[in-house]
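In the order they appear, the protein sequences are chains A and Y.
Be aware that the first sequence starts at 0, since it is given in numbering that gives the first Met the number 0, and climbs by one per residue.
Be aware that the second sequence starts at 0, since it is given in numbering that gives the first Met the number 0, and climbs by one per residue.
The set of hints was computed from the structure by calculation and includes no laboratory data.
Take the hints with a grain of salt, since some may be wrong.
Below are the DMTMM-like pairs computed for lysine to aspartate or glutamate, each with C-alpha atoms no more than 25 Å apart in a straight line [unchecked claim]: (1) Y/391 x A/11; (2) A/300 x A/319; (3) A/9 x Y/64; (4) Y/393 x A/11; (5) A/71 x Y/472; (6) Y/394 x A/11.
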Amino acid sequence: MIEIRDLQIKYDDFIAINDVNFEIKEGEFFTLLGPSGCGKTTTLRSIAGFLKPSKGSINVNGKNIINIPVEKRELGMIFQSYALFPTMSVYDNIAYGLKIEKRSKSQIQERVLELADLVELNEEQLQKNVSDLSGGQQQRVAIARALAKKPNIVLFDEPLSNLDAKLRKQLRLELKRIQRETGMTAIYVTHDQDEALEISDHIAVFNDGKIEQIGTPREIYDHSATEFVCNFIGEANSIGSDLIQYINDHTDKNRFNPEAKHYIREEKIKLWVPSNSQAVPINATVVDGVFYGTFSTYICKALDTTLRIIVKEDGNTTIDSKKELTIYIDPKDILEYGG
Amino acid sequence: MNSSKITKFRESNYLSKIPFYLFCIFIAWFILSLLILPNINVLVDIFWVDGQLSLSAFDRLSRSDRAIRAVLNSFLLASVLTITVNIVGTFIVLATEYFDIKGAKLLRVGFMSTLVFSGMVLNNGYLYVYGQNGVLTNLLLQVFPNMDPNWFTGFPAVLFVMTFACTTNHMLFLRNGVKGLDNNTIEAAKNLGSNQWQVLRQIVFPTLFPVIITLVIMSFQLGLGAMAAPTMVGGEFETISPLILNFTQRPASRDLAALLSIILGFAQIILLIVMTRNEKKGNFMSISKTKTRVVKQKIENPVLNGIVHVLAYVLFLIYLIPLVLVVLFSFMNLQGISQSILSLEYFTLDNYADILSNRSNFGPLLTSMVYSGGAAVLAVLFMILVARLVMKNKKNKLAEWTEYLFYIPWLLPGLMIALGLIISYDSPSLLLFGNSVVGSVWILPLIYLIMMLPSTLRYIKGAYYSFDNNLEDASRILGSSSIRTFVQVILPALLPTALALVALNFNNFLADYDLSAFLYHPAYPTLGIAIRKNADAANNVNAAAVNLVYSVIIMGVSAIMFYIVYGRGSKIGERKSGIKKSKKVIKAPVIETGIGDTGVSDPTTGGK
């Protein structure tokens with residue numbers, strides 16, 4: 000188990016991360032999510048040992064590893080740029096850590112082939128220079144190299160950000176598969192919320208050097224703890240005060256604080272009476288609509304609020320602009336912050 | 000010590016830091032005893048006489064007509080050279096890269112010949128054509144028997160030799176500037192109604208202006224510190240550098256030598272400041288994202304076109320004739336050489352066989368190769384470690400100052416540093432562990448090494464900047480120690496740059512004369528010294544033959560080095576290492592980027 004306690008990292012006078020606390024269970028896929036410069040990579044690099052915290056502790060199985068040099072921490076790491084050694088072949092890159100451990104040639108060969116099989120690289124590719132591989136193949140080499148020494152913990156520093164969207168999606172699933180098959184504990188840094196939601200067991204959302212929320216993907220999405228998390232994860236509509244007042248008037252009085260900020264996810268707004276009778280019907284006008292194939296989005300105006308609504312396409316529904324319609328909002332789907 | 004303390008001690012890697020601390024002590028010793036103290040001693044030698052501050056050296060210098068004349072001559076040469084070099088240099092670059100001149104590729108080969116035909120070899124080559132017993136002089140004497148055979152001497156001769164020698168910088172830097180022009184800007188100017196001359200004056204020259212300013216400063220600097228050309232063809236025209244050498248050899252005038260070298264150093268520092276300021280203003284290279292290559296401009300005026308063609312080919316002949324004659328005559332027997340006759344009848348390989356079999360002739364070649372080769376390898380290894388230290392401690396003021404101190408040889412002329420070493424260590428010194436440098440065989444490679452340090456450090460640092468730091472992190476996290484990471488990951492990535500720097504440094508100092516003249520060991524003369532002595536033996540045909548062969552060998556070695564560094568050789572190396580296609584490419588040092596370096600060798604001396 001990994002425990003991060005009161006972690007603080009300073010660059011001269013600038014505090015990059017402060018008061019960071021979290022725990023990761025063995026075999027878990029844990030993601031550090033946040034925008035650029037929020038401190039997620041700094042946290043990861045301090046776990047790796049490249050940065051020394053100015054305060055706090057990093058405990059692995061009960062032992063504080065802060066003073067242990069990088070090379071003795073026995074962690075695997077996959078870098079954003081892959082960091083493959085350009086002067087070595089694919090085989091030598093994967094075997095690098097094993098050679099340092101002074102394993103026998105046959106053991107090294109066996110392990111490299113095993114890993115090549117795991118990450119789906121063939122023997123011909125193993126003999127190539129790393130610069131002769133495509134981006135996706137280089138990523139596989141980086142994964143194999145990091146796993147070669149069978150580390151219990153593997154750190155991923157935005158490993159898919161250099162790939163195109165389609166390949167990224169494909170490799171996400173493969174990473175998850177490899178993590179399951181090997182049983183390793185993965186700490187994964189990304190700024191891509193879809194990626195985080197798809198592959199993580201738990202997510203820590205970072206903002207401005209601090210953790211805003213830790214939870215499962217569903218908890219983070221459905222019950223975003225802060226306004227930042229709500230806006231950063233998925234798409235949410237900001238609800239104006241008139242509309243909130245209207246909803247208040249049509250449900251329990253003063254359910255929502257008019258001084259607070261309110262949001263609702265796009266897909267939570269319905270165009271048809273939902274089975275849940277708590278939903279409040281609201282008159283709205285369609286301003287614009289865009290067809291995306293499997294779904295469409297509509298921009299609607301309701302009182303003082305412009306709402307973006309996602310509707311699954313069944314092929315029969317066509318909603319024209321300027322059309323007046325009734326939308327339904329369930330008060331329990333409204334997220335309230337501050338006030 | 001309890002077990003937890005032992006574990007903590009092991010984890011903290013104290014023992015592994017011992018080599019690091021030893022290296023730091025070595026650096027401190029090197030900087031103090033070889034870079035700082037000798038130069039301070041030069042100042043002390045001038046201003047501290049009989050235990051008190053004295054300005055008597057200034058007084059003596061001002062009363063020495065010879066010294067004053069040398070200073071004025073140096074400034075005259077530098078000023079005029081600035082004009083001639085830039086006119087010729089700009090012309091040859093425009094003729095080969097900008098205008099559509101027939102046979103431009105051939106012309107380029109001729110104009111770039113000074114890359115290999117440089118230093119003492121060039122001086123010797125020009126003497127071989129224009130000197131007292133030169134091929135051209137002999138021809139002219141047949142037409143004009145009353146002509147002075149020693150016509151190629153004095154200021155015009157020095158200016159002529161240096162003008163053509165110094166255009167190497169134009170072919171490297173200005174050529175790169177012209178190639179960097181955006182053709183769209185030229186087309187846009189034409190589209191707006193500019194004629195060819197207006198495009199050149201209003202678009203091309205202003206874009207190249209920062210490069211030209213730098214080249215002006217570099218030309219001035221080379222003229223001011225000129226050594227070999229004034230020594231070999233200057234005659235009565237004496238400049239500062241040869242005079243420093245002359246004064247140094249007389250103990251009573253050593254303070255004057257020191258003062259002259261300070262004047263030279265002061266001028267160099269001012270020029271460096273001006274050049275750095277000019278560089279900081281930036282350049283005007285294309286900001287376009289879709290830059291197009293320059294399309295060669297056909298000169299529309301037929302008369303002008305003809306004149307430019309004729310001028311280009313005349314210059315081509317001036318550049319190439321000495322080189323070709325040196326190569327061809329190196330294969331002629333003594334009779335052919337003495338009569339300046341090229342004939343198959345006189346063809347021989349004896350000159351080459353003589354160099355390789357005669358110890359007194361082969362000796363200088365071997366000495367220069369060992370000196371410059373050894374210094375080149377050590378300088379690169381040393382600076383790889385220093386650069387690593389600097390890069391790992393970027394925010395550390397001490398590391399920052401360490402780097403600056405290694406740039407001292409850029410600020411000061413080599414002659415001043417040599418003089419400082421002579422003054423400081425002319426008797427056994429504790430700082431050199433009881434050794435003296437004067438009269439030792441290793442003072443010359445040592446000063447070669449010192450002079451190689453700044454440019455080597457700068458290029459190695461550049462290579463470190465290109466290095467993907469994640470590679471180091473990746474190696475460390477895979478369990479590799481710092482030293483192993485350095486040897487197995489960092490060093491192989493730096494290897495192309497390191498090898499290229501070894502080659503360049505070796506090349507720059509192979510035919511050095513300036514520093515050799517100061518510090519060579521009588522038993523081990525260098526190539527530069529041997530060429531100079533042979534050139535002085537004007538009527539000795541054997542000596543001339545030896546010089547011809549030396550010249551061809553040096554040119555051959557230079558050509559091979561340039562091939563390794565910038566030609567196909569480097570590409571093969573890159574392909575094998577697989578670095579070329581990697582995200583962070585570490586290449587051989589690109590001469591073009593070194594425009595701010597004063598580490599560009601003096602093309603007339605081979606030294607710096």
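Here is how each hint holds up against the structure:
1. Annotation: proposed proximity of residue 391 of chain Y to residue 11 of chain A holds, straight-line Cα distance about 16 Å (limit 25 Å).
2. The suggested pairing of residue 300 of chain A with residue 319 of chain A holds, with an alpha-carbon distance near 14 Å, which does not exceed 25 Å.
3. Taking the CA atoms of residue 9 of chain A and residue 64 of chain Y, the gap is about 65 Å. The hint is violated against a cut of 25 Å.
4. Among the hinted pairs, residue 393 of chain Y with residue 11 of chain A is consistent with the structure: their alpha-carbon atoms are about 13 Å apart, no more than 25 Å.
5. Taking the CA atoms of residue 71 of chain A and residue 472 of chain Y, the gap is about 13 Å. The hint holds against a cut of 25 Å.
6. A threshold of 25 Å between alpha carbons decides the hint, and for residue 394 of chain Y with residue 11 of chain A the separation of about 10 Å falls inside it, so the pair holds.
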